[in-house]
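I would like the entire structure built from these sequences, with the hints used as guidance.
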Amino acid sequence: MTYVDNKKCIGCGICLPYCPLEAISLRDGKAWVDPDLCADCWVCLRKKVCPKEALQAKELTDFYQVFRHVLCDPVETFADTGVTGRGTEECKTNDVTGRYRRGEVGLAVDMGRPGLGCTLRDVEKVAMALAAAGAELAGPEETPLAQLMTDLTTGKLMEEVLQEPNLTFLSIIIEAKCREERLRDVLKALQKVEQEVDTVFSLGLIIRPLPDGTAPVLKVLDELGIAQPVRGKVNVGLGRPIAEA
Amino acid sequence: MTHSLHRSGDKESLRGDYVWFMYQAKGVNDKNIKDKALEFIAVAEAAGSENWGDVKTGPTTEYTPDEIKKNITDKSRIRGIFTSREQVVAFLQGLKKKDLGFSVVISGLLEEVLPACQDAGVTPHTINYSLGVWGRKDRLPNDDILAVTTMCGHHMISPRLVEKLIGEVRRGRYTPEQAALKLANFCHCGIFNHVRAAKLLQHYAASED
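Same order as they appear, the protein sequences are chains Y and W. Residue 1 is where the first sequence starts when you use the numbering used here, and the numbers rise one by one after that. Residue 246 is where the second sequence starts when you use the numbering used here, and the numbers rise one by one after that.
Read the hints as simulated data drawn from the structure, not as lab findings. One thing to keep in mind: the hints can contain errors.
25 Å max Cα-Cα, derived SDA-like pairs, lysine to any residue [to be verified]:
#1 W:K409 with Y:D222
#2 W:K444 with W:G293
#3 W:K276 with Y:R240
#4 Y:K219 with W:E357
#5 W:K256 with Y:R240
#6 Y:K48 with W:Y419
#7 Y:K48 with W:G293
#8 Y:K188 with W:R384
#9 W:K279 with Y:E76
#10 Y:K47 with W:V367
#11 W:K382 with Y:G29
#12 Y:K47 with W:L391
#13 W:K320 with Y:I242
#14 Y:K47 with W:D311
#15 W:K301 with Y:L60
#16 W:K409 with W:T420
#17 W:K341 with Y:K48
#18 W:K315 with W:D344
#19 W:K301 with Y:T61
#20 W:K382 with Y:L16
#21 Y:K48 with W:Q423
#22 Y:K8 with Y:K30
#23 Y:K47 with W:I317
#24 W:K279 with W:G339
#25 W:K409 with Y:L37
#26 W:K271 with Y:I242
#27 W:K427 with Y:V75
#28 W:K320 with Y:R240
#29 W:K271 with Y:E142
#30 W:K342 with W:A291
#31 W:K320 with Y:T97
#32 W:K409 with Y:L60
#33 W:K409 with Y:Y3
#34 W:K342 with Y:G213
#35 Y:K48 with W:I317
#36 Y:K47 with W:Y308
#37 Y:K47 with W:K342
#38 Y:K48 with W:T309
#39 W:K320 with Y:L45
#40 Y:K125 with W:R384
No experiment lies behind these values; they were computed from the predicted model shown.
What follows is the structure, encoded as structure tokens:
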């Protein structure tokens, strides 16, 4: 994780406002990085926010620290998926990968976003709620989180990662998909579990729309009291070779 | 990665906020991309993209376009912003004509992006629809701050920095444009809309504390 070199720190506090998770504070006249809050995104290091270069990166010594850094620092590329950011392609290349097909709904649950961060315990709660409601969780070739799961059919995470005391993520994506007819149950499960987590998540539904961009399956949102979407990310189908429907 | 999907703010403000993406897919069209990527970027530049970047180098608010272009590799992620529907239409028309083979994604208000697709003669293939924020929303910063911070979906822009810069604009130490550029440089992808941010910061600074 990031730490402060007390020999260099002059206690000016310039660095304090830059940490997205407010992990930096002043303690005994010096800057201090809270290890329980720092997610190793390294934005403070990359942007050189300390004029005295007192902020330093500790060597990442185990798999979990490296895993977290790669997911939290958008500059890094996740080796198994070949994708930067949080290491997943979801709908972005669906015109050539055909990952989401007609009749299916993709679910991208962006845990900890916007800006609160998340623990793996909360991630597990949501993943298990999705799986129990009939969603199929994405595998390790598609999404990094799957590497921490013991069973994709339940969403259970490895016990050892749940015991990691300092593993706060800036955000981590749970990816899944379900048949359209299961969407109501899946959304109801999310409505329940949102009251059980101590953070926020942002939710995206990935759908093959009608040519005008509408998606009849979204009528289920009205039944559940969920507002219809006003924003979207539109893959306009210019990738080649185009995937089968 | 859904880092452009969940931008917040009022509709009028979001009407000037579009994100464009070029995606090469692993194992499909991700080898020796540089020449085609340069053609792709030329289309975005011709359409007037105000900020763009490659996450492996940084945004044009901080680096010159030539520096970013020089560093493009197969691991690059090229993306940027537009501030009008007309730019989106011109961009999509240009890419349709070029037929470069990369996946193209536009993020924005659906009531603006979908007509833009129609005007450009392209058909939406897949849409990621934003259902917004769930869970402990009581722990979030206020809506004004979120309208700025969510323009960097990887959350490299801290709420406290936005608050600090609103104060600096209010005191006349930064113009809204200078403050917006300072924020934009923290979004390494190049999708921070500093044009929209400057308007928001100006509005916030003119309001009561």
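Each hint, compared with the structure:
1. About 40 Å separates the Cα atoms of W:K409 and Y:D222, which puts this hinted pair outside 25 Å; it is violated.
2. The suggested pairing of W:K444 with W:G293 holds, with an alpha-carbon distance near 19 Å, which does not exceed 25 Å.
3. In summary, the hint linking W:K276 to Y:R240 is supported, as the alpha carbons are separated by about 13 Å, within the 25 Å threshold.
4. A distance of roughly 21 Å separates the Cα atoms of Y:K219 and W:E357; the hinted pair therefore holds under the 25 Å criterion.
5. With a C-alpha separation of about 34 Å, the suggested pair W:K256 and Y:R240 falls outside the 25 Å cut-off, and the hint is violated.
6. Using a Cα cut-off of 25 Å, the hinted pair Y:K48 and W:Y419 holds, with the two alpha carbons roughly 20 Å apart.
7. Note on Y:K48 and W:G293: the hinted pairing is violated, with a Cα-Cα distance of about 30 Å set against a maximum of 25 Å.
8. The suggested pairing of Y:K188 with W:R384 holds, with an alpha-carbon distance near 23 Å, which does not exceed 25 Å.
9. For a cut-off of 25 Å, the pair hint linking W:K279 to Y:E76 stands: about 19 Å separates their Cα positions.
10. For the given pair, Y:K47 sits about 39 Å from W:V367 by alpha-carbon distance, which is inconsistent with the 25 Å threshold.
11. Between W:K382 and Y:G29, the direct Cα distance comes to roughly 33 Å. Violation of the 25 Å bound is thereby established for this hinted pair.
12. Taking the CA atoms of Y:K47 and W:L391, the gap is near 21 Å; set against the 25 Å cutoff, the hint holds.
13. Between W:K320 and Y:I242 the alpha-carbon distance is near 22 Å, which keeps this suggested pair within the 25 Å criterion.
14. As the CA atoms of Y:K47 and W:D311 are separated by approximately 21 Å, the hinted pair is consistent with the 25 Å bound.
15. About 21 Å separates the Cα atoms of W:K301 and Y:L60, which keeps this hinted pair within 25 Å; it holds.
16. About 13 Å separates the Cα atoms of W:K409 and W:T420, which keeps this hinted pair within 25 Å; it holds.
17. A threshold of 25 Å between alpha carbons decides the hint, and for W:K341 with Y:K48 the separation of about 41 Å lies outside it, so the pair is violated.
18. Using a Cα cut-off of 25 Å, the hinted pair W:K315 and W:D344 holds, with the two alpha carbons roughly 23 Å apart.
19. Simply put, W:K301 and Y:T61 have alpha-carbon atoms about 24 Å apart, close enough for the 25 Å limit, and the pair holds.
20. With a C-alpha separation of about 24 Å, the suggested pair W:K382 and Y:L16 falls inside the 25 Å cut-off, and the hint holds.
21. Between Y:K48 and W:Q423, the direct Cα distance comes to roughly 19 Å. Compliance with the 25 Å bound is thereby established for this hinted pair.
22. For a cut-off of 25 Å, the pair hint linking Y:K8 to Y:K30 stands: about 10 Å separates their Cα positions.
23. Note on Y:K47 and W:I317: the hinted pairing holds, with a Cα-Cα distance of about 21 Å set against a maximum of 25 Å.
24. Taken as a hint, the W:K279 and W:G339 pair is honoured in the structure, with Cα atoms around 18 Å apart against an allowance of 25 Å.
25. For the suggested pair W:K409 and Y:L37, the alpha carbons sit about 21 Å apart, so the restraint of at most 25 Å is met.
26. Distance check on the hinted pair: W:K271 and Y:I242 sit about 14 Å apart at the alpha-carbon level, within 25 Å; holds.
27. At most 25 Å may separate the alpha-carbon atoms for a hinted pair to count; W:K427 and Y:V75 meet this at roughly 19 Å.
28. For the suggested pair W:K320 and Y:R240, the alpha carbons sit about 18 Å apart, so the restraint of at most 25 Å is met.
29. Distance check on the hinted pair: W:K271 and Y:E142 sit about 10 Å apart at the alpha-carbon level, within 25 Å; holds.
30. Straight-line distance between C-alpha atoms of W:K342 and W:A291 comes to about 14 Å, which keeps the hinted pair within the 25 Å bound.
31. For the given pair, W:K320 sits about 18 Å from Y:T97 by alpha-carbon distance, which is consistent with the 25 Å threshold.
32. Taking the CA atoms of W:K409 and Y:L60, the gap is near 32 Å; set against the 25 Å cutoff, the hint is violated.
33. For the given pair, W:K409 sits about 23 Å from Y:Y3 by alpha-carbon distance, which is consistent with the 25 Å threshold.
34. Annotation: proposed proximity of W:K342 to Y:G213 holds, straight-line Cα distance about 22 Å (limit 25 Å).
35. Restraint check for Y:K48 and W:I317: the C-alpha separation of about 23 Å stays at or below 25 Å, so the hint holds.
36. A distance of roughly 13 Å separates the Cα atoms of Y:K47 and W:Y308; the hinted pair therefore holds under the 25 Å criterion.
37. For the hint pairing Y:K47 with W:K342, the CA-to-CA distance comes to about 39 Å; that exceeds 25 Å, so the pair is violated.
38. Distance restraint check for Y:K48 and W:T309: the Cα-Cα separation of roughly 19 Å lies within the 25 Å cut-off, and the hinted pair is therefore satisfied.
39. Proposed proximity of W:K320 and Y:L45 is supported: the alpha carbons are some 22 Å apart, at most 25 Å.
40. Our distance criterion of 25 Å between C-alpha atoms is met by Y:K125 and W:R384, whose separation comes to about 19 Å.
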